[in-house]
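Numbering-wise, the sequence shown is residues 1 to 496 according to the UniProt record's numbering.
Quick caveat, the hints were computed from the structure, so don't treat them as lab data. From the three backbone atoms N, C-alpha and C, an ideal C-beta is built for every residue, glycine too. Some clues are possibly wrong.
Distance condition first, Cα-Cα at most 25 Å in a straight line; then the derived SDA-like pairs of lysine to any residue [as the list claims (entries may be wrong)]:
#, residue 1, residue 2
1, Lys71, Gly22
2, Lys115, Lys150
3, Lys176, Asn140
4, Lys150, Gln194
5, Lys60, Lys71
6, Lys71, Lys81
7, Lys71, Lys158
8, Lys158, Lys60
9, Lys60, Lys115
10, Lys71, Ala100
11, Lys150, Ala162
12, Lys81, Arg23
13, Lys81, His151
14, Lys71, Cys92
15, Lys201, Glu222
16, Lys150, Asn94
Now the in silico label distances, taken between C-beta atoms and shown as ranges [what the hints assert, rightly or not]:
#, residue 1, residue 2, range
17, Ala37, Ile202, 20 to 28 Å
18, Ile202, Asp29, 44 to 52 Å
19, Glu51, Leu26, 20 to 28 Å
20, Ser381, Asp332, 29 to 37 Å
21, Glu301, Gly204, 15 to 23 Å
22, Pro61, Gly22, 38 to 46 Å
23, Gly204, Leu26, 49 to 57 Å
24, Pro25, Asp179, 34 to 42 Å
25, Trp399, Ile202, 55 to 63 Å
26, Gly180, Gly204, 17 to 25 Å
27, Ser381, Asp344, 35 to 43 Å
28, Thr15, Asn169, 44 to 52 Å
29, Asn140, Glu171, 52 to 60 Å
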Amino acid sequence: MERELCEAAMEGSVTFLLNLLGRDPLILDRYITAYFAETPLHIAAMLGHLEFATELLKRKPELACELNLRKSTPLHLASAKGDVEMVKLLLCANPQMCYARDGCGWNPLHVAVMKGQVDTLRELVRVRSEAACVPIDGANRETILHVCVKHNQLEALKLLLAEILVCNNTEFINSKDGDGNTILHLAVLDRQFQTIDFLTKIAGIDVNAKNIFGLTALDLLEIRLKEASGDCLNIGRLLQQAGAMNSRSNVSSETTGAAANVTTTIVGGSTQREILKEILLEFLSKQEEWHKQNERNGRLESHRNAIMIAASVFAAAAFQAPANPPGGFWQDTVSSSAPNGPHDAGAPILSDLNPGRYMLFSFANLTAFFISSCVFLLLLSGLPLKNEVCTGILMMAVWIAIAAVGLSFIVSTSFFGFYFILMIYISIFVSKNAPSIRTVIVALAQDFIFAAGFQTKIIQEMKYISLYSTNKSEERRHLCYVLTCYMLYQKLFPFA
1 MERELCEAAM EGSVTFLLNL LGRDPLILDR YITAYFAETP LHIAAMLGHL EFATELLKRK
61 PELACELNLR KSTPLHLASA KGDVEMVKLL LCANPQMCYA RDGCGWNPLH VAVMKGQVDT
121 LRELVRVRSE AACVPIDGAN RETILHVCVK HNQLEALKLL LAEILVCNNT EFINSKDGDG
181 NTILHLAVLD RQFQTIDFLT KIAGIDVNAK NIFGLTALDL LEIRLKEASG DCLNIGRLLQ
241 QAGAMNSRSN VSSETTGAAA NVTTTIVGGS TQREILKEIL LEFLSKQEEW HKQNERNGRL
301 ESHRNAIMIA ASVFAAAAFQ APANPPGGFW QDTVSSSAPN GPHDAGAPIL SDLNPGRYML
361 FSFANLTAFF ISSCVFLLLL SGLPLKNEVC TGILMMAVWI AIAAVGLSFI VSTSFFGFYF
421 ILMIYISIFV SKNAPSIRTV IVALAQDFIF AAGFQTKIIQ EMKYISLYST NKSEERRHLC
481 YVLTCYMLYQ KLFPFA
């Protein structure tokens, strides 16, 4: 019964819901007393089924307080999606859910900010503006304003500060996280020029607030200036116009215009501060290096998945070819006096009529199967791709397997095999280029299938792939073209 209710929630069928309630009036009560991954109201909130959610809350308003496995309320999900009407409905059922925290310590306002759902945030603030002042659970003690800056949500920040300034809560505007950074510190670190321009024009902002390292926003800008950025000079002018100073009164900063040089004059007693700045600079450089390494590892992992998919597909293709070779098998055993010469039942016809051609066909398939299987098993065993050289070697092996499969096509199908191997090379070559080129290649494949007189279903499958191949994921692009080639392999050639 509960499964049927979940299906009704996914469909948003109020009629189905009323039918289930007529059969089992206590079905909604069991969602409150038992443990389920999602309640029907969670599902309705995620999918935007407003009428279904209204009917649920009319009969069981307590569902608005229920949590899923991630400790999210239906209001969390509706806020993340930006469904304003659903948010209004849930707030009418229980406005106190604005204070509810999920497994990450976020309330619905935090979630709306991170997703950039400004209209939803406006409705939440209208009902419970105090929830915006509740810090996030955790050691970092971030506020919703810190979340706005970290996720670069300027419109949400403007909305919240307008509400906070109405309440004259300047202390909250200058609140600090676990590292002592205000929102101005974070904006400078991330070089958000528009955010800094907005913050420096607010009367209650403390432009000279210090973090736990004793550094002001201008100090952090000096560290960023060592990375040589034109944006930093404009940010420096904004901070200086707002009255920002260094952490020590005996340190002055001067920005020179055309040369874009920033000099720091130390009058005395600043050795400790300079050491601290060097430590922070080293930390920032290591953090940037870590991000680059993480991005590189992600790229290598994407290549790894693409190579594994290609190797597995071509290994399967090469494995099937000997089971149904070109020309098929002899169905009977005849003596030497027969017109076709002596042959045994079950033997490949091509091996008797053209032994050289059959040997070349078998060699090409064996090569493709062996190389593809080796590549697949190496990757499956967890072979680490530490650099692009290893990736290149494996890609070269896959290309050899493709060439071997193409050779077997040429041997067995003549012109059709040549057309196929040419198309597969072109398809993989353009997989990293513009989607319009990829669409042209798939369209050519469709025309070839239609001209060859094959079933309409294959054309529909190719159209589906042409739509799917617009996905920007590297792994999915490679998968689309491998599947395209494999589909032609299966549909066009008699031994596949």
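Evaluated hints:
no.	hint	result
1	Lys71 / Gly22	violated (30 Å)
2	Lys115 / Lys150	holds (12 Å)
3	Lys176 / Asn140	holds (9 Å)
4	Lys150 / Gln194	holds (14 Å)
5	Lys60 / Lys71	holds (19 Å)
6	Lys71 / Lys81	holds (17 Å)
7	Lys71 / Lys158	violated (29 Å)
8	Lys158 / Lys60	violated (37 Å)
9	Lys60 / Lys115	violated (29 Å)
10	Lys71 / Ala100	holds (9 Å)
11	Lys150 / Ala162	holds (19 Å)
12	Lys81 / Arg23	violated (33 Å)
13	Lys81 / His151	holds (16 Å)
14	Lys71 / Cys92	holds (21 Å)
15	Lys201 / Glu222	holds (21 Å)
16	Lys150 / Asn94	violated (30 Å)
17	Ala37 / Ile202: 20 to 28 Å	violated (44 Å)
18	Ile202 / Asp29: 44 to 52 Å	holds (50 Å)
19	Glu51 / Leu26: 20 to 28 Å	holds (23 Å)
20	Ser381 / Asp332: 29 to 37 Å	violated (46 Å)
21	Glu301 / Gly204: 15 to 23 Å	violated (47 Å)
22	Pro61 / Gly22: 38 to 46 Å	violated (20 Å)
23	Gly204 / Leu26: 49 to 57 Å	holds (54 Å)
24	Pro25 / Asp179: 34 to 42 Å	violated (54 Å)
25	Trp399 / Ile202: 55 to 63 Å	holds (59 Å)
26	Gly180 / Gly204: 17 to 25 Å	holds (18 Å)
27	Ser381 / Asp344: 35 to 43 Å	holds (41 Å)
28	Thr15 / Asn169: 44 to 52 Å	holds (49 Å)
29	Asn140 / Glu171: 52 to 60 Å	violated (19 Å)
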